[in-house]
Amino acid sequence: MASEGKRSNRKGLILAGAAIVALAGLFIYDVFFNIPEYTKSDFSMGTVVTQTLTGNDAEKAAGEIFEAFDNIEQKWLSWRLPNANIAKVNEAAGTGFPVADNTVEWLKKTLDVCASSSGALDITIGRITALWDFGGEYERLPKKDEISDMLGKVDYRGVEFTGNTVKIARGQSLDMGAVGKGIACDEALKILRENDIKSAIISVGGSILLYGGKEDFRVGIRDPEGRPTDYMGVLTLKSGCISTSGSYEKTLVRDGGTYHHILDPKTGYSAQSGLTSVTVVCDSGLLTDALSTACFVLGYENSLPLLEKYNAHAVFIADDRSVKVTPGLAGLFEIANNDYTSDSSLTSTGAVQ
Amino acid sequence: MKRLFKRADFLLIFVFCLLFAAMFLPRVLSSDDLTARIYRDGVEIYSINLTKVASSYTIDLKSTPAGLVEVEKNAIGYLDADCPDKLCVNTGMLTRRGQTAACLPAKTVIILTGGKKSEGAPDVITY
Numbered sequence: 001m002a003s004e005g006k007r008s009n010r011k012g013l014i015l016a017g018a019a020i021v022a023l024a025g026l027f028i029y030d031v032f033f034n035i036p037e038y039t040k041s042d043f044s045m046g047t048v049v050t051q052t053l054t055g056n057d058a059e060k061a062a063g064e065i066f067e068a069f070d071n072i073e074q075k076w077l078s079w080r081l082p083n084a085n086i087a088k089v090n091e092a093a094g095t096g097f098p099v100a101d102n103t104v105e106w107l108k109k110t111l112d113v114c115a116s117s118s119g120a121l122d123i124t125i126g127r128i129t130a131l132w133d134f135g136g137e138y139e140r141l142p143k144k145d146e147i148s149d150m151l152g153k154v155d156y157r158g159v160e161f162t163g164n165t166v167k168i169a170r171g172q173s174l175d176m177g178a179v180g181k182g183i184a185c186d187e188a189l190k191i192l193r194e195n196d197i198k199s200a201i202i203s204v205g206g207s208i209l210l211y212g213g214k215e216d217f218r219v220g221i222r223d224p225e226g227r228p229t230d231y232m233g234v235l236t237l238k239s240g241c242i243s244t245s246g247s248y249e250k251t252l253v254r255d256g257g258t259y260h261h262i263l264d265p266k267t268g269y270s271a272q273s274g275l276t277s278v279t280v281v282c283d284s285g286l287l288t289d290a291l292s293t294a295c296f297v298l299g300y301e302n303s304l305p306l307l308e309k310y311n312a313h314a315v316f317i318a319d320d321r322s323v324k325v326t327p328g329l330a331g332l333f334e335i336a337n338n339d340y341t342s343d344s345s346l347t348s349t350g351a352v353q
Numbered sequence: 001m002k003r004l005f006k007r008a009d010f011l012l013i014f015v016f017c018l019l020f021a022a023m024f025l026p027r028v029l030s031s032d033d034l035t036a037r038i039y040r041d042g043v044e045i046y047s048i049n050l051t052k053v054a055s056s057y058t059i060d061l062k063s064t065p066a067g068l069v070e071v072e073k074n075a076i077g078y079l080d081a082d083c084p085d086k087l088c089v090n091t092g093m094l095t096r097r098g099q100t101a102a103c104l105p106a107k108t109v110i111i112l113t114g115g116k117k118s119e120g121a122p123d124v125i126t127y
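Chains as they are written, first to last, in the working numbering: chain A, 1 to 353; chain B, 1 to 127.
It should be emphasised that the hints constitute simulated quantities derived from the structure, not laboratory data.
Backbone N, C-alpha and C define an ideal beta-carbon position, used for all residues, glycine too.
Some hints here could point you the wrong way.
Claimed, not checked - Derived contacts from chain B toward chain A, CB cut-off under 7 Å, selection only:
hint : residue
1    : L4
2    : Y39
3    : G42
4    : Y46
5    : T91
6    : Q99
7    : A102
8    : K107
9    : V124
Construct all of the structure, not just a fragment, from the sequences and the given hints.
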């Protein structure tokens, strides 16, 4: 009898053990290998936002990110929406307006790039961008005297801080369009961390945030002469922010001329630096966005010290389809379209050495 | 010598294995076909398994301005739109996971998910 009981106990233990192992296997699979992926596209900050997140709280995080983006535009950065901090600063030109802590931080970081680029990026260009209104309802080719009248007001050194009160000179107008999408990427990163997201690709109108993931991400750089889905090269990256400024994105054809939306603050007209696109990679979305605009205006040679200062890296595409890559992206960039040629440092396989 | 397990035990083990398979297999075999998701004003209005499209057809997105989408086997794109710049139509047909086409004035987006990761193709495009 005792022997029968022992055998029964042993059998029970074996079966229970097998069940526990099986259920543990399922649990491990669900936790480590079956993490839900969530994809959603929506419009925010006047552009298309696409998120692909992996994590148990992916849907919740994506919702929080869209909400954060709407807040960035509506509460703080917009110069079109009258209640946004920047719109209020513009309205109070000459007297000043107290803004939120985050707006002060974003303004100071952006103004640092304005100074470092000697005004190649200048956020006080607002009245001139409003004249052109690229992609907007009132898009037009401004008269020369309209531009020259306003050029004298463009000077980032006119922005003053007294605590949180921001004052711009009379006649000036701030335009944070060059950094808005990058700031959105930075804010998204905080939300991904708070929600324990495992990996994410977030595209805010072409500015990209890459986060986590076991495998490297492959980021295509749009072919300036192709359709929006065509790419001329690919960057292989583990994480970080990527922004591109390209002359193809918003253009105006008038009176036999073609004008693009990246304005040179020194002239008030489309920047002519011999480039069709600049893609910048670094840890900060604000910086990648600000630097891609500044580098486009500066051209390749003049951009190198600026990129070095911010530990950023870049791919430059010139009008003649030649491509230059800074050393920090060595081995991480390959050309995918043979119409483009690498400039000296590329091997025959296309990989940068 | 008596056997540890009797026939009834093996039956129990078999039933347990079936239950385990029923829980595990759907996780492994879940469909990952190339799928087009169409959004209007941030709401998903269509999810189309492109690998199972037998013959091409069009969808009226009922947006303002109007947009017409063409669906083919393993491809989708804007066929026509009433927006001023036609950027959505000029994007062409999407055929690869991660590709998107959008009509900003109409607030509609098409994005491809699932499908196999194409060799060498990017996960996302910066522009």
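Hint by hint, here is what the structure shows:
1. L4: 6 Å, holds
2. Y39: 5 Å, holds
3. G42: With a closest approach of 4 Å, the B:G42 hint holds.
4. Y46: 12 Å, violated
5. T91: Holds, because the Cβ-Cβ distance from B:T91 to chain A comes to roughly 5 Å (cut-off 7 Å).
6. Q99: 5 Å, holds
7. A102: 4 Å, holds
8. K107: 5 Å, holds
9. V124: 5 Å, holds
Hint 4 from the earlier list is the only one contradicted by this structure; the remaining hints agree with it.
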